[in-house]
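Asker: Spelled out from the first residue to the last, the chains are:
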Amino acid sequence: MTQQENTPLLDVRSVTMAFGGIVAVRDLSFTVTKGEILALMGPNGAGKTTTFNLIAGALLPTSGQIFFDGRDITQTKPDARCKAGIARTFQITQPFDELTVVENVMVATMPYHSSMSQMRKDARRYVQMVGLAERADVMAKGLSTGQRKRLELARAMATRPKLLLMDEVTGGVDQKSIPGLLDLVKSLRDEGQTLIIIEHNMRVINELSDRAIFMNRGARMVEGTPHEVAGHPQVVDLYLGEGGGHA
Amino acid sequence: MFQPLTPFKWLGILGAIIVMLLLPMVTQDTYLLHVLILAMVFGIFASAWNFVTGFAGLKTFGHHAFFALGAYGSALIGINLGLSAWLTIWLGGLIAALAGLFIGLPILRIRSMPHVAIVTLGFAEIVRITLSNLTDITRGELGLWGIPVFDGFTVPGLGEVVFSPADKVPYYYLAFALLLLSVGVITALMRSKTGLSLIAMRDGEDAAESLGINLTRQKLQVFVVSSFLVGVAGAFYAHYITILTPAAVAGVDLMILIIAMVLVGGLGTLSGPLVGALVLTILVEFLRDLDTFRMLVYGAIIILSVMFLPKGLVTLGRRWKRPPDAAATEAE
Ligand SMILES: Nc1ncnc2c1ncn2[C@@H]1O[C@H](COP(=O)(O)OP(=O)(O)OP(=O)(O)O)[C@@H](O)[C@H]1O
Ligand SMILES: [Mg+2]
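Those protein sequences? They're chains P and C, same order as listed. Letter by letter, the first sequence follows residues 1 to 247 of full-length UniProt numbering. Letter by letter, the second sequence follows residues 1 to 332 of full-length UniProt numbering.
Treat the hints as calculated values from the structure; they're not laboratory data. Some clues are possibly wrong.
[Claimed, not checked] Derived pair list, reagent style PhoX-like, types lysine-lysine, alpha-carbon separation capped at 25 angstroms: (1) Lys59/C / Lys141/P; (2) Lys193/C / Lys141/P; (3) Lys162/P / Lys77/P; (4) Lys9/C / Lys77/P; (5) Lys83/P / Lys162/P; (6) Lys186/P / Lys176/P; (7) Lys59/C / Lys193/C; (8) Lys141/P / Lys121/P; (9) Lys77/P / Lys34/P; (10) Lys121/P / Lys186/P; (11) Lys121/P / Lys77/P; (12) Lys176/P / Lys141/P; (13) Lys77/P / Lys193/C; (14) Lys9/C / Lys121/P; (15) Lys83/P / Lys193/C; (16) Lys162/P / Lys193/C; (17) Lys162/P / Lys121/P; (18) Lys193/C / Lys9/C; (19) Lys162/P / Lys34/P; (20) Lys186/P / Lys34/P; (21) Lys176/P / Lys121/P; (22) Lys141/P / Lys162/P; (23) Lys193/C / Lys121/P.
[Stated by the list, open to error] To give an idea of the chain C side of the interface with chain P (calculated C-beta under 10 angstroms), a few residues: (24) Gln3; (25) Pro4; (26) Val185; (27) Leu189; (28) Arg191; (29) Lys193; (30) Leu196; (31) Arg202; (32) Asp203; (33) Gly204; (34) Ala208; (35) Ser210; (36) Leu211; (37) Asn214; (38) Arg217; (39) Glu285.
Using N, Cα and C, we set each Cβ at its ideal position, and we do this for glycine too.
The shape of chain P in the complex, shown without the other chains (with noise of 0.2 angstroms):
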């Protein structure tokens, strides 16, 4: 299938997922070019993880549709679309307890090698990538908070992704090892890696980001490039009238 040069990436066009009462994302609509480096932001319980669940199928909307790669995927299964290039990283990280951290990093590059030592070499490529070389042989659940998110991006890049999924990567990270988690996104951006990402690190999105979607309450309120959304006065109002927030 040949794609044209203009059609986006991802396409979400008015998703709705609603809880029961609870309507987590509210007729939400927008795309993402290749290459483009989307940050999603809001207030806790916007409906950002919603969203990444919406996108990588571990949700299925109330109601809108999804595209992918000019494909509609909107009922096409976790697996189907990790296959199709979607990858996403767990805010509550999921490592694989029992296997170490290279085992976990092996299931996601189990697709492109048919011995497990090709695999091995493979994964061990990416753990160092995201700095966890020194820890690539002890069992993931002997992690601290910070090693299992970098552990959660490793395993998600493994997958070669055309579509990256970041939630809240940074999170739980120690302040010195953001610069280099930084970095590595940025060598990400300059190989064309189309990347969203859920951040609630200003600094972090500036420096990364072309745009930003603010969602609150399920919905989009304001979009824009980073600069603009942050000093948005719906964006400022709202953390003002909660008293501050992170954003």
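Following the hints, complete the assembly by docking chain C with the ligands onto the known chain P.
Answerer: Just chain C with the ligands, lined up with the frame of chain P:
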């Protein structure tokens, strides 16, 4: 689990195999061999159940249904069609595997493990009740007898091999071959991509799925392989004991015994189910006189082992060598 075996482990495995092979040359004691044959049958069952529950994390409590289906399937085909037990034990495995596929398809879509446990247990009860009520075919609780034994054959140089109640040695070697085959299949699968996928699935279903693992296909695959192996074990048992009752092979007592074996030996380890099967089969023989109190004793064993040996007997050695924390993270 996924690293090449150390020479030390290779030696251990090889040593165990050699001891098992040589044993009947040292003693032909019928009772001892009988206990070991049972331990091997349970060893297959326990390994196969552990494959599904310990490694893949699917909490099924109805695997005795597959044992019964393999046993009755193979026995009935032998009795009614006159086929050789050498053939029908595989057919028994196939019947169990088909049942596994049939029951697995709806069950394995359920994400809630308590529900999986209840539904599989219910399925096994249905199998037991059906077997005891189809008296025209199975003779119900009166027992199915007249089950053909394995045909004898001649080994050039060794003479004739006859399967008879008086000589346990041929059964012993056959059971051992089936055990090696079953454990070999499970080990090979566990050390491959399948094993990696299973443990990933067990430790984090959503994450595994997000990394491209097809949960339904993977679960169905282990379930079918496991029910096949349990079915073959049941079929062998049928042609060895030559009398079957629904209570003995389809009763929940059997499942509880197997669970106890796996928990005592070590859930989610390769050698644990074998160690547990050996230890508990011998223990059960000692406790034979207890009869109706047996279940009470199994219960106590399960509770005690979970309390004091949460990772099973096979992790004991590691516990002594290393601090408990390291031992806990190294269970394989
Ligand atoms: N599976 C679920 N069932 C019911 N309610 C849910 C579910 N998942 C999310 N919600 C609700 O949907 C809303 C949006 O949650 P979501 O996790 O998407 O927020 P978020 O923007 O990621 O917040 P945070 O910054 O805290 O991570 C919340 O009110 C949450 O309680
Ligand atoms: Mg979130």
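Asker: Decide, hint by hint, whether the structure agrees.
Answerer: Quick rundown of the hints versus the structure:
1. Lys59/C / Lys141/P: holds (22 angstroms)
2. Lys193/C / Lys141/P: holds (21 angstroms)
3. Lys162/P / Lys77/P: It holds: about 17 angstroms lies between the C-alpha atoms, which stays within 25 angstroms.
4. Lys9/C / Lys77/P: With Cα atoms ~41 angstroms apart, lysine 9/C and lysine 77/P exceed 25 angstroms; violated.
5. Lys83/P / Lys162/P: Roughly 10 angstroms between the alpha carbons, so the hint for lysine 83/P and lysine 162/P holds.
6. Lys186/P / Lys176/P: Answer holds: lysine 186/P to lysine 176/P is near 17 angstroms, not above 25 angstroms.
7. Lys59/C / Lys193/C: Between lysine 59/C and lysine 193/C the Cα gap is close to 21 angstroms, so the pair holds against 25 angstroms.
8. Lys141/P / Lys121/P: holds (22 angstroms)
9. Lys77/P / Lys34/P: Measuring from Cα to Cα gives roughly 23 angstroms; hence the hint holds.
10. Lys121/P / Lys186/P: holds (24 angstroms)
11. Lys121/P / Lys77/P: violated (29 angstroms)
12. Lys176/P / Lys141/P: Given pair lysine 176/P, lysine 141/P holds - Cα atoms ~23 angstroms apart, limit 25 angstroms.
13. Lys77/P / Lys193/C: holds (21 angstroms)
14. Lys9/C / Lys121/P: holds (24 angstroms)
15. Lys83/P / Lys193/C: holds (16 angstroms)
16. Lys162/P / Lys193/C: Distance ~24 angstroms between lysine 162/P and lysine 193/C Cα, so the pair holds.
17. Lys162/P / Lys121/P: OK: lysine 162/P and lysine 121/P at ~22 angstroms, within 25 angstroms.
18. Lys193/C / Lys9/C: holds (21 angstroms)
19. Lys162/P / Lys34/P: holds (8 angstroms)
20. Lys186/P / Lys34/P: holds (15 angstroms)
21. Lys176/P / Lys121/P: violated (28 angstroms)
22. Lys141/P / Lys162/P: Not OK: lysine 141/P and lysine 162/P at ~29 angstroms, beyond 25 angstroms, violated.
23. Lys193/C / Lys121/P: Satisfied, since the Cα-Cα distance of roughly 15 angstroms is no more than 25 angstroms.
24. Gln3: This hint holds: glutamine 3/C lies near chain P, its Cβ roughly 9 angstroms from the closest one there, short of 10 angstroms.
25. Pro4: holds (9 angstroms)
26. Val185: violated (17 angstroms)
27. Leu189: The hint is violated - leucine 189/C has no Cβ within 10 angstroms of chain P, the shortest such distance being about 13 angstroms.
28. Arg191: holds (8 angstroms)
29. Lys193: holds (5 angstroms)
30. Leu196: The hint holds - leucine 196/C has a Cβ within 10 angstroms of chain P, the shortest such distance being about 6 angstroms.
31. Arg202: holds (8 angstroms)
32. Asp203: Holds, because the Cβ-Cβ distance from aspartate 203/C to chain P comes to roughly 4 angstroms (cut-off 10 angstroms).
33. Gly204: At 4 angstroms from the nearest chain P Cβ, glycine 204/C passes the 10 angstroms test, so the hint holds.
34. Ala208: holds (7 angstroms)
35. Ser210: Serine 210/C check passes; min Cβ-Cβ to chain P is 5 angstroms, inside 10 angstroms.
36. Leu211: holds (5 angstroms)
37. Asn214: The hint holds - asparagine 214/C has a Cβ within 10 angstroms of chain P, the shortest such distance being about 5 angstroms.
38. Arg217: holds (9 angstroms)
39. Glu285: violated (34 angstroms)
Violated hints for the displayed structure, listed by number in ascending order: 4, 11, 21, 22, 26, 27 and 39.
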